[in-house]
Structure formats: C-alpha cells, structure tokens
Amino acid sequence: MFAIFYLLPVYVLLATSFKSFAEVSLKDMWKLPQNISLDSFKIAWRGDTSKGVTGLSKNFMNSIYLVIPATLISSLLGSMNGYVFSKWKFKFSNTVLALIIFGMFIPYQSVLIPMVVVLQKIGLYGSIPGLIFIHCVYGIPITTLIFRNYYSTVPTELLEAAKIDGGGFLRIYKDIMLPISMPGFAVVMIWQFTSIWNDFLFGLVVAQKPSIQPITVALNNLAGSYFVEWNIQMAGALITAVPPLLLYIFLGRYFMRGLLAGSLSGI
Amino acid sequence: MKKTKEEKILTFLFILPSVILIAVFVYGFIGWTGWISLTNWKDVVPDFTFVGFRNYIDLFHNLRFQIGLKNILVFTVLFLVVSIAIGLFLAILLDRKVRFENVFRSIYLFPMAISFIVTGVVWRWMLNPGTATTGSLGINMLLDKIGLGFLKSGWYTDPNVGIKAVVIPAVWQMSGYVMAMYLAGIRGIPQELSEAAQVDGASNWQVYRYIILPLLQPITLGAVIILTHISLKIFDLVVAMTGAGIGFSCDVPALFMYDTTFRGNFFAQGAAIATILLIFVAILIIPYLRHGLREGS
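Residue numbers (my numbering), protein chains in the order written: chain A, 1 to 267; chain B, 268 to 564.
Hint data in this document are derived by calculation from the structure and do not stem from the laboratory. Source: prediction; values computed, not measured. We put the beta carbon where it would ideally sit given N, CA and C, even for glycine. You may find that some hints are simply not true.
To be verified - A short, non-exhaustive set of chain A residues, derived as facing chain B with CB atoms under 8 Å:
{"hint": "1", "residue": "Met1"}
{"hint": "2", "residue": "Phe5"}
{"hint": "3", "residue": "Asn81"}
{"hint": "4", "residue": "Tyr83"}
{"hint": "5", "residue": "Trp88"}
{"hint": "6", "residue": "Ile106"}
{"hint": "7", "residue": "Ser110"}
{"hint": "8", "residue": "Ala161"}
{"hint": "9", "residue": "Ala162"}
{"hint": "10", "residue": "Ile164"}
{"hint": "11", "residue": "Gly166"}
{"hint": "12", "residue": "Phe200"}
{"hint": "13", "residue": "Leu201"}
{"hint": "14", "residue": "Tyr254"}
{"hint": "15", "residue": "Met256"}
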C-alpha cells in the first residue's frame with residue numbers, strides 16, 4: 001500500500017514524459033502512453049525556440065563540470081581532517097571538530113550576502129569555479145565527520161606498530177590509511193555528488209547567467225514558465241534526477257551509509 | 268599517540284586549510300551577516316549606518332514575516348509527526364522479515380536521492396487541481412476515479428491549505444530516511460531481549476510497545492532534530508512547487524529572505540531574517556552536538 005504512495009510520482013513522471021505531443025491530453029494524464037515517444041526528451045534536452053524552451057543540455061554539462069572537482073576536493077580535505085581528528089587528537093581537537101561540524105547545519109541564508117560580496121571581490125562570482133569553491137568549503141563539515149567516524153574504526157595499534165617501524169605522520173596516512181579508505185571515499189563521494197548535484201540555493205545565488213546555471217536552477221526556470229507543456233517539464237525533471245538515481249541504484253549500500261552518517265548517529 | 272615536534276606541525280598543517288576556510292566562510296560570514304542586520308543597507312549601494320535592532324523590530328511587525336513564521340511552525344509540526352509516524356511504521360513493517368525487504372527499502376528511500384526541485388516540479392503537476400475548463404487534474408482526478416472525490420482539494424492553490432500541501436511531497440521525500448534510521452536502530456537491539464520477552468509470554472505488540480519503542484527513543488530524538496533543521500530551512504521545495512502562494516499562504520522565512528535580499532535589495536532585512544533562522548537552528552543543534560561529541564570521545 002505505502003509503496004504506491006512512493007511510486008505514484010514515478011509513474012506520473014514516466015507516463016507523462018514518454019508521451020508524444022499528439023497523445024498529451026490533460027484528461028488522460030493517468031493513462032500509460034500508447035507509443036513510447038522521446039519527443040519530450042529531445043525538446044527538454046536541446047530546447048526548441050518555437051516553443052520558447054531553452055534546452056537543459058548545457059546546464060547538465062555545467063553540473064557535471066562543477067560536481068566532479070568539488071566532490072574530489074572536498075572528499076580529500078575531509079579525509080585529511082578525519083585522519084587528524086580520529087588518530088592525532090590534540091588539545092581541544094573535539095571542540096574544533098564540533099565547530100567544523102556545526103557548519104553543516106547552518107541555514108546557508110546566513111552566509112549568502114557576504115559570500116556574494118567576497119566572490120565578487122575575488123572575481124569568482126557568476127562562474128563555475130566560484131561554485132566549485134563554495135561547494136568545497138561547505139562540504140568540509142560532512143566529509144570530515146564521515147571520515148572521522150570511518151577512521152575511528154581503524155585500530156590504533158595498527159598505527160602504533162607502523163610508528164615503531166619508523167613510519168611517520170605522512171607515511172602512515174599514505175601507506176596505511178589511504179589504501180583502506182576506499183569504502184570511506186565511496187560513501188563520502190556519493191554523498192557529495194548527490195548533494196552538490198541537487199543543490200539549488202548556491203546555484204541560484206552565484207550563477208546568475210543562464211549559460212552557467214546548474215541543472216536544478218535551469219529546471220526550475222523551465223518549469224516556472226507557464227507555457228511549457230507538462231510533458232516537457234516531466235522530461236526535464238527526469239533528466240535532472242537521473243545521475244543521482246543511477247548512483248543510488250548501483251551503489252545504494254554506500255548511499256545508505258552516507259545517509260546514516262549524515263544523521264549523526266555515528267558521532 | 269605520542270607526537271614528535273615534526274608530527275605536531277604536520278597535524279596542524281593538515282587541518283589548517285579547512286580550519287581557515289570554516290573560520291572565515293562559516294563563522295566570519297555569520298558575524299558579518301549579523302552586523303549587516305544591524306545596519307541600514309536597503310539598496311544596491313551598501314549603507315552601513317548602525318541602526319541597532321530596528322530591522323528585527325520591523326520584521327516582527329511585518330505581515331509577510333508573521334505569516335512565514337506561522338507557516339513554518341505548521342509545516343514543521345505536520346512534517347515531523349507524519350514523517351516519524353510513517354517512518355517508524357515502515358521500519359517495524361520491514362523488520363518483520365517481509366519478503367523482498369530490499370526492494371521495499373529501496374522504494375521508500377529513493378526519493379532521498381532526488382533534488383527537492385525535481386520533487387517540487389513533479390508534485391506541482393500531481394497536486395494541480397485543474398480549472399473549470401480542464402476539470403479535475405492530477406491527484407484530484409484520481410480521487411474522483413476511485414470514489415474518494417470528497418477528499419479533493421485545491422491543495423497549494425487554496426490559501427486555506429497553502430503550506431500544508433507542501434507537507435505531502437516533503438513527507439514523500441524524507442520519511443524513507445526516518446525509516447532507515449529506525450531500521451538501523453531496531454537491528455541494533457540485541458535479539459535476545461525480545462526473544463526473552465516472548466518466552467515470558469509477551470505478544471508481538473507488547474514486545475514493540477514495552478521493549479523496542481523505549482530503546483528507540485534516542486533515534487526519535489535524532490530524527491526530530493534532523494527533520495526540524497531541514498524543515499526550518501525549507502526553500503527549494505517551496506520555490507519549485509508553489510512560490511510564496513496567494514496571500515503568502517505557502518511562504519516561509521527562507522524564501523522571504525531570498526526575495527527581500529536578492530530581488531528587493533533590502534540587504535539588512537534579509538540579513539536579519541537569516542540571523543533569526545540561524546538562531547532557531549543553533550538552539551536546536553548545539554545541545555545535540557555537544558551531547559553527541561561528549562559521548563563519542
């Protein structure tokens with residue numbers, strides 16, 4: 001029963017977006033398409049000037065260019081921090097950690113105005129590198145938390161043994177921690193990819209020009225114009241949802257662990 | 268671990284970039300925003316004349332802000348109660364070793380992977396009540412077909428429903444998350460406990476009521492805190508689905524902040540709303556964070 005509630009929007013999404021224009025009629029919105037048609041996807045992707053639709057293809061690529069470097073950099077920073085906060089604690093290190101983690105809960109509205117001012121000053125406002133930078137910074141709290149919890153499960157004896165063998169801070173990180181970090185990186189990178197891909201607020205505020213907007217912002221614009229047909233909107237929504245859904249389908253186990261880490265249950 | 272001097276330096280070098288970035292972009296910016304909220308900046312050109320708490324006082328007299336606060340309260344309560352009820356129910360259901368557990372779990376959780384914008388766009392279509400010329404559309408049409416026409420509603424287009432209609436997609440997206448938290452919690456309870464109770468003659472229901480539910484209290488607390496902080500910040504979903512709505516019936520403070528700051532150029536007022544939001548979230552999160560980290564160390 002409950003599964004129906006969860007699947008209903010998927011049904012509508014698929015049933016509407018695969019209909020051809022000839023078949024679209026408001027009365028039949030719950031009916032399955034008679035013939036599978038990709039017309040809506042073509043228009044949502046490429047755009048159609050006669051219908052006043054700007055295609056999402058450019059924005060899809062913007063999101064790709066933005067999400068990959070931002071995910072990699074924030075994951076690496078998180079791994080370095082997690083290593084220190086789990087294995088090389090110092091005086092007040094838990095306080096510093098708490099101050100970092102608090103950053104993932106703040107309403108981003110409370111940093112938006114200074115962010116725009118600073119990005120304009122350093123010439124990154126309205127650019128994809130600017131967005132990458134912002135996502136790296138605000139990704140640090142969650143990546144640090146997940147890696148800190150992940151590395152806490154590595155027995156300290158292992159590190160002490162490595163020290164006796166003459167391994168130092170960097171050698172232990174490179175030769176012991178990094179090689180066993182792959183599951184941790186999988187969790188963190190899936191989490192970061194999904195949340196950066198799905199971000200709307202930063203994209204909306206930092207990227208004013210349509211040509212550099214990420215896909216979520218472009219989809220909202222597409223859906224916001226009243227003359228765009230529903231089947232094009234649904235096709236656009238599906239295009240936007242596909243990359244994180246693919247990750248979810250193929251790497252769901254890691255996705256779930258990221259979710260639970262995000263709920264702080266690991267602290 | 269014992270550290271040499273070199274290792275001490277390396278420890279700090281490792282976290283230095285992140286610490287500087289967080290110090291500036293989180294705490295520095297929060298302070299900066301707080302300061303802007305005390306100024307007279309209400310134009311494209313900054314005006315840093317100090318006006319004290321005037322922006323805050325004005326805000327609490329502002330009709331849009333009052334409605335937004337009331338809406339976010341209604342939204343948070345409904346969203347919390349329904350998500351937790353459904354999440355707990357689904358977790359107990361799945362814990363009963365149903366067939367295809369993995370399939371069901373995936374179905375309940377997949378909305379979490381999707382952007383609030385996609386959710387908003389799809390649900391706006393589904394909750395579109397239609398007009399006189401089109402007749403009922405979406406969910407309303409479905410309700411008509413299955414004979415539940417009396418449940419039809421104007422949803423987000425009806426000022427009396429307004430923000431409550433946004434609760435539906437929010438629950439759709441987040442209740443699977445609550446289920447995952449509860450399921451992990453239930454699975455973490457040693458089997459022997461409920462088995463022992465069953466040996467003593469407890470029914471299934473009694474096992475849940477007197478053994479499992481009390482042990483899940485920390486999870487409920489965690490879910491309340493996570494959901495409330497998401498709810499207080501809700502923005503994307505409202506933008507994609509409804510906007511502020513008729514008579515601000517769907518408006519929330521985060522949306523008001525965006526509009527007044529980046530469309531109206533009332534930077535000081537926007538900063539004041541942002542600061543109020545931050546204070547709400549801080550009241551909620553800081554005790555939880557302190558508690559969590561103390562237990563962990």
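Results for each hint:
1. Met1: violated (10 Å)
2. Phe5: Result: holds, 7 Å to nearest chain B Cβ.
3. Asn81: holds (5 Å)
4. Tyr83: holds (7 Å)
5. Trp88: Given a least distance of 5 Å, the restraint on Trp88 (chain A) holds.
6. Ile106: holds (6 Å)
7. Ser110: The hint holds - Ser110 (chain A) has a Cβ within 8 Å of chain B, the shortest such distance being about 4 Å.
8. Ala161: violated (12 Å)
9. Ala162: violated (10 Å)
10. Ile164: violated (11 Å)
11. Gly166: Hint violated; Gly166 (chain A) Cβ to chain B Cβ min 12 Å, cut 8 Å.
12. Phe200: Nearest chain B Cβ about 4 Å off; hint holds.
13. Leu201: holds (6 Å)
14. Tyr254: violated (12 Å)
15. Met256: Met256 (chain A) check passes; min Cβ-Cβ to chain B is 6 Å, inside 8 Å.
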